[in-house]
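Engineer: The chain contents come next:
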Amino acid sequence: MHTIELKNISKEYNGVTVLNDINLYIQENEFLTLLGPSGCGKTTTLRIIGGFEEPTKGTVLFEEKDITDIPPYKRQINTVFQKYALFPHLDVYDNIAFGLKIKKLPKSEIDSKVKEMLRLVNLQGFEKRSIDSLSGGQQQRIAIARALVNEPKVLLLDEPLGALDLKLRKDMQIELKNMQKRVGITFIYVTHDQEEALTMSDTIVVMDKGRIQQIGTPVDIYNEPKNAFVAEFIGESNIIDGIMHEDYLVEFSGQNFKCVDKGFRKGENIEVVIRPEDIEIVSVANGQLNGIVKSVTFKGVHYEMIIESKDFEWMIHSTIMKEVGTEIGMTVLPENIHIMKKVRAE
Amino acid sequence: MKKRRFILLALSLIIVIMTVGCGEKKETINVYNWGDYIDKSVLKDFEEEYGIKVNYSMYETNEDLYIKLKQGGSSYDVIFPSDYMIERMIREDLLVKLNKDNIPNIKNIDEKFFNLDFDKDNDYSVPYMWGTVGIIYNKTKVDDVVDSWNILWNEKYKDEIIMLNSQRDTLAVALKKLNYSMNTRNIKELEEAKEQLLIQKPLVYAYLGDEVKGAMVSGEAAFAVVWSGDAVAMIRDNPDLEYAIPKEGTNLWFDSMVIPKSAKNKEGAEKFINFMARPDIAARNTDYIGYSTPIPEAVEMLPEDIRNSKVAYPADEEIENTEIFHDPSDIITEYDRIWTEITSQD
Amino acid sequence: MKMKKVAYPYILWMAIFIVIPLFLILYFAFTTGDSQNFATFQFSLDNFKRFFTPTYLKVLGRSVNLAFISTIICLILGYPLAYIISKAEPRKRNMMVLMLVIPMWMNFLLRTYAWLTLLGRNGFINFVITKIGFKPLELIYNDKAVLLGMVYNFLPFMVLPIYTVLIKIEKSLIEAAEDLGANKIEVFSKVVLPLSMPGIITGITMVFIPAVSTFVISALLGGNKYNLIGNLVEQQFRWTGDWHFGSSMSIILMIFILITMALTSKFDKEKEGGGGGLW
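Protein chains in written order, with the working numbering: chain A, 1 to 346; chain B, 347 to 692; chain C, 693 to 971.
One or more of the hints may lead you astray.
Derived pair list, reagent style DSS-like, types lysine-lysine, alpha-carbon separation capped at 25 Å [said to hold, decoys possible]:
| no. | chain 1 | residue 1 | chain 2 | residue 2 |
| --- | --- | --- | --- | --- |
| 1 | A | Lys113 | A | Lys7 |
| 2 | A | Lys177 | A | Lys83 |
| 3 | C | Lys750 | B | Lys534 |
| 4 | C | Lys779 | C | Lys697 |
| 5 | B | Lys502 | C | Lys827 |
| 6 | C | Lys827 | A | Lys83 |
| 7 | C | Lys876 | A | Lys83 |
Derived coverage of chain B by chain C (criterion: at least 3 residues anywhere in the stretch with Cβ under 8 Å from a Cβ of chain C; other residues may be distant) [as the list claims (entries may be wrong)]:
| no. | segment |
| --- | --- |
| 8 | 387-399 |
| 9 | 413-424 |
| 10 | 527-538 |
Keep in mind that the hints were calculated from the coordinates and are not lab data.
Glycine included, C-beta positions come from ideal geometry on N, C-alpha and C.
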């Protein structure tokens, strides 16, 4: 039984289609991320799951029950909002206890639950603090505590780390992932940061212009992008036109390469995707392709170099640095050559 | 050279014209009077006849006039205080003794209005208008005879009685009803009057100022206490109304013309006073504002209905037991307390 | 105290038009003598002694009572009104606020006079009522009319502050409350109402203060039968001429208002979740 299922969800605003026939199911204990650029519809999808928006068409199922018309306060789902939405007139304790008090739980029970939550988010002793005395990171953790204390079956998170600085964000990503494993519930996460998605998720749903572009694990999506959009959105890519001569053989840049994809028509025009970190720098003599280094940028983890070859500009990520103007050779392993169908009609 | 001479000539011409113009500045007098208390066209005639410009301004109550005078901000040449205020002003040495040689028209005033208590020998004042205070009633709403103040205490006319929003005038009504003097300084008598007014209060529709005129004309109440001049105007607008002077007696009042010590143009002031005492001028004023003139020749010039009106010109017997107000001086504190109790009683 | 040069004109203005007149009133209140002649002034507490007698205290009591009731009514009517306006879509909202505010562009006195033509015995309302066939109503020159006049005149001062605070409440807070299980009523009582407290406090202050010192409404609509402390002060200055007594009454009224403001601001602090930001 799927925890959440979206069936044929569409949403229109003033004649503009924001979501177009979304079909999706989400499992128990899954960390699922909706990933895409601004305006792709990921937040709208999340809000429809939470009950803050009504779909124009389609149904939302929760444990196989139709909850499309059920208001948020009746759903066993809790949300961590983008700007935390902590109640400024209540202190930390009352914020976290808010949902529990609504359920009219006995005070002793509320007390212990709140304390436990504060331990989980590592903010013990903060009960009496006022909201405006907390830092961004602390507020965010209180927001999470406030949602989780209600023991929902699903937690929705709407770009919760956006306002934090880089180091804190990276730490929180790991913390959130661990929290999800510990608490053992479904997390539905919205972000536009593909690195974040790759780090935290069990499943990624890539969205663009109101449609789902691809669903898969981080590894799948990264290594086997289904179309140009996904390929360009996730990680850096070199995308070049090519011809599939036959299974496992592709031609591009005037060369034939062995690859690991099959199932295309003979002579089909396709697109080849190669990740920058998959291109090896070799001597000109040993290279399958060669070119001249046009620019070098130090990125800390690696150097990003743009190589100009006769018909294409290649991007390479390497720890080896070659100076601008150097001629180099490039090779790539067959398993790192990905073939995509040419889909240019939008 | 020619240019410079021309400029000099032009300049000197301008200077001459300006000084000549300044020299031509008209003599002026500042007249300060009650609102709506003169036929303004007589001012134009005065200006033409005497070549003196009249700056005319208005006040609402004797007390406002008094304060204006004492504050000394502006100087007035002719003012029109009422009887008790003249008494106070004389006592405080605020007025100039009149040179009666400059006011020959003073002989036009009816003898019986000379040598009144507040200005024996008329050293300071020349009467302008006079009148009584009485009961105006709506014939269609009243079937009893109206000849006594007692009718205003008749339970039959609950909520049909309008009293004046004026401390002294309303207290005077109660005092006369008890056959006391309206100038009494006897606290016991004042307290009795207060009791009467407290008994009356549940029957009173409202304590009004100027609004009483509109209210009676539109038939909102059966009785009101008003000044005779207002009564004339009201009856003109609503023939169902009649005016009666109660047999217990009432207030006889005078507004007279006086010259303050701070006047800048005493001669012009006397000319003005003289002018106002001319029968034809007095007749125009009285006809316009409806109040009663103390100049018999002027009365002769009035239209027949007014001339014969008992409201405007009651017979001598009718005004036998009238009293003129004296300056209350220190007893005013008691008046204030009593009035407060009456108007704020539930 | 560091002060920007720009502040100097303002300081001057405050001194001339606020501080000096205030001191004048205090000076008058603590002296007796001929109001028009400074030379006769003598220090005295008589004015206050005179006020603290049943006659005058009763008037103060009634004024405060009436102002209090008016404020409560304005709150009961004003909050829902502000709420409804805040929930409308922005274009309609501005229209509604405009309609509420336009009467305030007209002179206060004229507006109160207008009620006379509506409420009078031969006024418009009675005209309609009698045409329908009912007996005319006594709508004017009673304490109900005074209350009506107060509420009518001061209602916008309650609605606007509350409205301003309500529209500033972030939508996400409402959604968060709903998300945590609060139904519409609970969202209101646990989130919206507490957050709109500052607006309520402002509204109460802005209604109570003019209400307690008004004299026009009780004179025009009450027929001078329910005179309030404002009427007494006017009486002293315009009729009796005892500016000392009038000033002392003004001072007493001012103290009253200051006490009220202190109380309401204390209430406001408590609601702020206990000394925020000191930890």
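Engineer: Next step is simple, just say for each hint if it's right about the structure.
Structural biologist: Quick rundown of the hints versus the structure:
1. Under the criterion of a C-alpha separation no larger than 25 Å, the hint pairing lysine 113 (chain A) with lysine 7 (chain A) is inconsistent with the structure, at around 36 Å.
2. Distance check on the hinted pair: lysine 177 (chain A) and lysine 83 (chain A) sit about 20 Å apart at the alpha-carbon level, within 25 Å; holds.
3. Distance check on the hinted pair: lysine 750 (chain C) and lysine 534 (chain B) sit about 22 Å apart at the alpha-carbon level, within 25 Å; holds.
4. Proposed proximity of lysine 779 (chain C) and lysine 697 (chain C) is contradicted: the alpha carbons are some 44 Å apart, above 25 Å.
5. Our distance criterion of 25 Å between C-alpha atoms is met by lysine 502 (chain B) and lysine 827 (chain C), whose separation comes to about 19 Å.
6. Using a Cα cut-off of 25 Å, the hinted pair lysine 827 (chain C) and lysine 83 (chain A) is violated, with the two alpha carbons roughly 62 Å apart.
7. As the CA atoms of lysine 876 (chain C) and lysine 83 (chain A) are separated by approximately 22 Å, the hinted pair is consistent with the 25 Å bound.
8. Using a Cβ-Cβ cut-off of 8 Å, 0 residues of the segment 387-399 of chain B lie near chain C, which falls short of the minimum of three, so the contact claim is violated.
9. Only residues whose C-beta sits within less than 8 Å of a C-beta in chain C count toward coverage, and the segment 413-424 of chain B has 3 of them, enough to reach three; the restraint holds.
10. Chain C is given as covering the segment 527-538 of chain B, and this is violated because 0 residues of the stretch bring a CB closer than 8 Å to a CB of that chain, at least three being needed.
In summary, the structure is inconsistent with hints 1, 4, 6, 8 and 10 from the numbered list given earlier, while agreeing with the others.
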